[in-house]
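Engineer: Protein chains in written order, with the numbering used here: chain A, 147 to 430; chain B, 147 to 430.
Don't read these hints as lab results, they were simulated from the structure.
As the structure is a prediction and not an experimental result, all values here were calculated from the model.
A couple of the hints might just be wrong.
The calculated DSBU-like cross-link candidates involving lysine-lysine, where the alpha carbons are at most 30 angstroms apart (straight line), are [as the list claims (entries may be wrong)]:
no., chain 1, residue 1, chain 2, residue 2
1, B, K159, A, K184
2, A, K413, B, K184
3, A, K270, B, K233
4, B, K418, A, K409
5, B, K181, A, K159
6, A, K413, B, K427
7, B, K212, A, K184
8, A, K159, B, K232
9, B, K418, A, K418
10, A, K427, A, K201
11, B, K184, A, K274
12, A, K184, B, K181
13, A, K184, B, K201
14, A, K148, B, K413
15, A, K409, B, K201
16, A, K274, B, K418
17, A, K413, B, K270
Some but not every residue of chain B turned toward chain A, in silico, with C-beta under 7 angstroms [stated by the list, open to error]:
no., residue
18, M147
19, L151
20, E152
21, P155
22, V158
23, L183
24, I187
Some chain A residues flagged as far from chain B (calculated, every beta-carbon gap over 10 angstroms) [as the list claims (entries may be wrong)]:
no., residue
25, K184
26, I205
27, S293
28, G429
For glycine and all other residues, C-beta sits at the position ideal for the given N, C-alpha and C.
Protein chains: 2
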Amino acid sequence: MKCYLECIPCFVKQAVEAGNILSSTASQREEILQKSLKLIINMDRNMTPPEAGMKIHSIIKFITGKKDPYKEIKDYYNNLGPEFYKKYKGKVNKSKDRLLTAVRCAIAGNVVDFGVAGEFDAEKDIEKVMTQDFAYFDYDAFKKILSKSRSLLYLADNVPETFFDRILIEELEDKEITYVVKSAPIINDATVEDALIAGIDGIARVVESGSCAPGTVLSLCSAEFLRTMKESDMVISKGQGNYEALEDIKGKDVFFMLKAKCKVVAKHLNVKVGDIIFKYKGGK
Amino acid sequence: MKCYLECIPCFVKQAVEAGNILSSTASQREEILQKSLKLIINMDRNMTPPEAGMKIHSIIKFITGKKDPYKEIKDYYNNLGPEFYKKYKGKVNKSKDRLLTAVRCAIAGNVVDFGVAGEFDAEKDIEKVMTQDFAYFDYDAFKKILSKSRSLLYLADNVPETFFDRILIEELEDKEITYVVKSAPIINDATVEDALIAGIDGIARVVESGSCAPGTVLSLCSAEFLRTMKESDMVISKGQGNYEALEDIKGKDVFFMLKAKCKVVAKHLNVKVGDIIFKYKGGK
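Just chain A, same shape as in the assembly:
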């Protein structure tokens, strides 16, 4: 998906909000904004939003001098993770359809987002997703393709979504799962360190995508990752950034699991902002 004109105010908003969240100085905030505006003016409009986001957040890293500007935020949510895990694993244990409840959990974990999302109330919004209707619900296709697959590529999104991903991965225990994280910190996206904190390494092979774009933009990924992807029987793609990067992918069985967090993606999916998506993009 390319950047729409409507994405531009959102990038500017991210540049301003990042300055505030990271308690930068006034001059740093102004510099982040100025450099971001200049970048946007000259930006190739065919770029995907995650690519553009990566560039904006590179500016933020450069000006704040922080390689991982959202570290404190991630630490906060990583600390909450075990409690989330316990609570929602409990819901899976009590449910009639464990797999479906685990899918719901994985989508619910997607609400915490310091990129595109506006304000959110993590606990409340997660609970909401647990009972919300799906705008796309390709569960039958999921079960069918899952039953035929041996290897599954799981494209991670954010922290503490990682803890919710663990819940879903635990329901897929007979599969050979590769959990893909970003190669360097970007916003609150999961890195190898975050995957380890969530205990994913005990149940899946954890690999890096080869890039730090907040979405799996294939042209930016490593050859190694691309090979792994090619060899996988099916893909679970978490979150909006991965959807933006991969919605037009061909030749793979991909299941997108996300909450539509902005008007552009909602419109692209023909749903409303806030809707939850469990969408199949057919392969063969």
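Following the hints, position chain B against chain A.
Structural biologist: For chain B alone, coordinates are given in the frame of chain A:
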């Protein structure tokens, strides 16, 4: 009030949304955005938001070649005006405190805004204001100063707010009222033509501010307007744009009536977005 960094994404959003609302061509929309971004980069941050808004909307007028890009939108709301007037005049007629209900109507009319406001549902949002608690409620000061005043300057905001203003002005019938509109079309702000459509000319003297900034920025106003303002005993200032332009005014009894429509103004007033304001700024 100066432009805060948080105002910048909003200006960019207005530039993009205006392009969509006005059904410009794709290349016009891109040009509006590009020129707006360049303007913002070089913009004096001490400018008030209405000044900046005027500059952004000048770009829109220039590129679309339309002197009054929002004419159709204003026509639509001007057509709804008489119905609004009838409905809410009826509420004043039935109320125990006519003046207070009329003030509420005047604030309720402030919800229709194609500048800073996000999405709105005019009828629903107007009704909400009619029963909402006030975040500031300087009604006693208003009655006191009104009783001592002979001349009143009424700074208009938008269409169809004009019809709601008429309801309030009709309750101030023993005063000499000057109703101030913009000197040229800007967004859905009221002009002389709109004041006439709402029938304000029958109950007040209608004058222009001397500028088309979407807020009464004194440095941009005509000498004639400034003299009228100086000679007025008190001022009613409608809407966010006028608040942004005049919140630090000294030496005048001003009553701000508005709905707080964005985070920046809400924070400045120490209220929440969506709160309604009836606030006195003391003069002598």
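Engineer: Now tell me if each hint is right for this structure.
Structural biologist: Hints, verified against the model:
1. For the given pair, B/K159 sits about 16 angstroms from A/K184 by alpha-carbon distance, which is consistent with the 30 angstroms threshold.
2. Of the supplied pair hints, the one linking A/K413 and B/K184 holds, its CA atoms being roughly 28 angstroms apart against a limit of 30 angstroms.
3. Restraint check: the Cα-Cα separation between A/K270 and B/K233 comes to about 39 angstroms, which exceeds 30 angstroms; the hinted pair is violated.
4. Annotation: proposed proximity of B/K418 to A/K409 holds, straight-line Cα distance about 23 angstroms (limit 30 angstroms).
5. Taking the CA atoms of B/K181 and A/K159, the gap is near 18 angstroms; set against the 30 angstroms cutoff, the hint holds.
6. Restraint check for A/K413 and B/K427: the C-alpha separation of about 44 angstroms exceeds 30 angstroms, so the hint is violated.
7. A distance of roughly 28 angstroms separates the Cα atoms of B/K212 and A/K184; the hinted pair therefore holds under the 30 angstroms criterion.
8. As the CA atoms of A/K159 and B/K232 are separated by approximately 41 angstroms, the hinted pair breaks the 30 angstroms bound.
9. For the given pair, B/K418 sits about 25 angstroms from A/K418 by alpha-carbon distance, which is consistent with the 30 angstroms threshold.
10. Distance check on the hinted pair: A/K427 and A/K201 sit about 28 angstroms apart at the alpha-carbon level, within 30 angstroms; holds.
11. Distance check on the hinted pair: B/K184 and A/K274 sit about 41 angstroms apart at the alpha-carbon level, beyond 30 angstroms; violated.
12. A threshold of 30 angstroms between alpha carbons decides the hint, and for A/K184 with B/K181 the separation of about 12 angstroms falls inside it, so the pair holds.
13. Taking the CA atoms of A/K184 and B/K201, the gap is near 19 angstroms; set against the 30 angstroms cutoff, the hint holds.
14. For the suggested pair A/K148 and B/K413, the alpha carbons sit about 35 angstroms apart, so the restraint of at most 30 angstroms is broken.
15. Between A/K409 and B/K201 the alpha-carbon distance is near 27 angstroms, which keeps this suggested pair within the 30 angstroms criterion.
16. Proximity of A/K274 to B/K418 is assessed by CA-CA distance (about 24 angstroms); at most 30 angstroms being required, the pair is judged to hold.
17. For the suggested pair A/K413 and B/K270, the alpha carbons sit about 24 angstroms apart, so the restraint of at most 30 angstroms is met.
18. Among the interface hints, the one on B/M147 is violated; its C-beta lies about 17 angstroms from the nearest C-beta in chain A, farther than the 7 angstroms criterion.
19. A hinted interface residue such as B/L151 counts as satisfied when its beta carbon comes closer than 7 angstroms to some beta carbon of chain A; here the least separation is about 5 angstroms, so the hint holds.
20. Taking 7 angstroms as the C-beta contact cut-off toward chain A, the hint placing B/E152 at the interface holds, the least distance being around 6 angstroms.
21. Taking 7 angstroms as the C-beta contact cut-off toward chain A, the hint placing B/P155 at the interface holds, the least distance being around 4 angstroms.
22. The interface hint given for B/V158 is met, as the beta carbon of that residue sits about 4 angstroms from the closest beta carbon of chain A, less than 7 angstroms.
23. For B/L183, the interface hint holds, since its Cβ comes within 7 angstroms of a Cβ in chain A; the closest pair sits about 5 angstroms apart.
24. For the restraint placing B/I187 at the interface with chain A, the shortest Cβ-Cβ distance is roughly 5 angstroms, inside the 7 angstroms limit, so the hint holds.
25. Look at A/K184: its CB is around 7 angstroms from the nearest CB on chain B, not clear of 10 angstroms, so calling it non-interface is violated.
26. Taking the minimum C-beta to C-beta distance to chain B, about 14 angstroms, the non-interface status of A/I205 holds against the 10 angstroms cut.
27. With a least CB separation of 44 angstroms from chain B, A/S293 remains clear of the 10 angstroms interface cut-off, as annotated.
28. Consistency note on A/G429: stated as away from chain B, and its beta-carbon is indeed over 10 angstroms from all of that chain's, at 33 angstroms minimum.
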